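Here is how the chains run, residue by residue.
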Amino acid sequence: MVSNAQGSPVKAFIVEDIRVCTFVLSAMLRMFNCEIVVANNGKEALDFFLEGKKFDIVLCDKNMPIMSGPEAVKKIRALGETDVMIVGVSADENAMEAFMSAGADVFVDKPMKIETLETMIQEVMNKKNAMI
Amino acid sequence: MEYANLRRQAASLKRSLFDQVEDLQDEASPNFAEEVVSLFFKDSARLVANIEQAMEKYPGDFNRWDAHMQQLKGSCFSIGASKMNNECTSFRNSCGQENAEGCRKSFQKVKREHAILRQKLESYFQLLRQAGPARTATRSGGK
Chain A
1205 MVSNAQGSPV KAFIVEDIRV CTFVLSAMLR MFNCEIVVAN NGKEALDFFL EGKKFDIVLC
1265 DKNMPIMSGP EAVKKIRALG ETDVMIVGVS ADENAMEAFM SAGADVFVDK PMKIETLETM
1325 IQEVMNKKNA MI
Chain B
-7 MEYANLRRQA ASLKRSLFDQ VEDLQDEASP NFAEEVVSLF FKDSARLVAN IEQAMEKYPG
53 DFNRWDAHMQ QLKGSCFSIG ASKMNNECTS FRNSCGQENA EGCRKSFQKV KREHAILRQK
113 LESYFQLLRQ AGPARTATRS GGK
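Chains as they are written, first to last, in the numbering used here: chain A, 1205 to 1336; chain B, -7 to 135.
These are computed hints drawn from the structure, not numbers from a lab. There could be a bad hint or two in this list.
[What the hints assert, rightly or not] To be clear about the criterion: a stretch of chain A counts as covered by chain B if any three or more of its residues have a C-beta under 8 Å from a C-beta of chain B, and this derived list gives those stretches:
#1 1214 to 1224
#2 1227 to 1237
#3 1313 to 1323
Please read these numbers as outputs of a predicted model, since none were measured by experiment. We put the beta carbon where it would ideally sit given N, CA and C, even for glycine.
Only chain B is shown next, with the shape it has when bound in the complex (with noise of 0.2 Å):
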């Protein structure tokens, strides 16, 4: 009962998360979903600490914010982590007006949600570590 609650909750969160990612999971890489989410969080970390600098340090250069963000954005492609993609998308709206008030509301917002997609991913694996691998039904022989 509890192996199928936890492969339950993992499935629900997968549905929400990344489908296509996980479908490249084989038995020759059986931990790809999670070396990709590993190499998503390296780079999406630098870069919303690049835009925050970039933010700091060249107020009102909505290019050069532009620009930094187009990579965050990017790499959010990859994984389908489209609540974070559609902030980034409101933050180079904000770039494109020249609104800098609009471009940190919108940087809160993908901070916030980086941070929720990192508690979740982190709980997908979790739960996916405890669930074990699927198990399949099995007829024992003899009559």
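Bound conformation, chain A alone (with noise of 0.2 Å):
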């Protein structure tokens, strides 16, 4: 059980192209209180971040209309966004390489298990009550 005992709920960002993807793991994140925000593809994703938005956890899909996963991961690694916890969330081969190349701190096949989630979530949140 994830647990918080401090601070503000966990925003995660969902870079994701497929509808029910994004809905299953918006639904998964609602199970551990989030906050949720979704882009629908890289270059979304990209211009949340050049506007100034923060967040604690971007979950983002490889292959996207526009721009790709790792490209996005790789300029918004550039913007110096080092803090954020991003995750490669794919089912393609050569995905991981792709994304940890890029700058991503976990990579998580697809289909995404709760536990998995589960435990990011509560690796931020510690990270998270740390710096209060």
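Taking the hints as your guide, dock the two standalone chains into a single complex.
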């Protein structure tokens, strides 16, 4: 069970073009009381960061129109966004290598398991609480 | 007896389908699984049509065919549609080999699995509705 004795909810950012994947992932994040924002491709995701929006965790698909996940991750990191946990999520071969070399912290195979997400959310919460 | 049979049939279908999606169902979202499935079929019907159109309008454009199938494959993962997912993979492999005939055969299988899945899931939800909510045995008070 994810616990957060103090502090604000985790701000989660889903970057995914497939609606049903977003729907399921959002439901999982709501189980952990996360605030959720969604972008439909890498460029939209990058625009959020360019506008100064902050997130605690980014869950990013690989193959999307306009801008891919790894490309977006690389550009987000290049903005100096080093604190946010970026998770690459994909069923594609070679996705892990693409995400990790772009600067993601973690790679998870699709479909995301609730237990895996819980562990990552708890890690983010622990980090947030340690900074208070 | 009838109720128990219906619940058993629904459980059997469920095991082969999408346990994790149903785990996300709760009192606040009692129809979550059905909503996911409904969304999946809306998306997947559109994606299947896109692939069909791409294969007709852009013969030999394997990159385009593959890009469309990739989206459908990603969608399959979200509800644990493993058989359909396998056929999507087969199609993508044929694209990689630039094997148009292989793509056509795989695509027929994708459509077949899609139809079977729809039928199974419709039966599943119908069974659930017929069976009603799960009951728990209670012991009445008094000695």
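Subject >> Outcome, coverage of the segment 1313 to 1323 of chain A by chain B - at least 3 residues whose beta-carbon is closer than 8 Å to one in that chain >> reply: Since 4 is at least three, the answer is holds.
Original post:
Against chain B, does the segment 1227 to 1237 of chain A show at least 3 residues with beta-carbon separation below 8 Å?
Top reply: holds (count 5)
Subject >> Check of the segment 1214 to 1224 of chain A against chain B for coverage (Cβ-Cβ below 8 Å, three residues minimum) >> reply: holds (count 4)
Violated hints for the displayed structure: none, as all numbered hints are satisfied.
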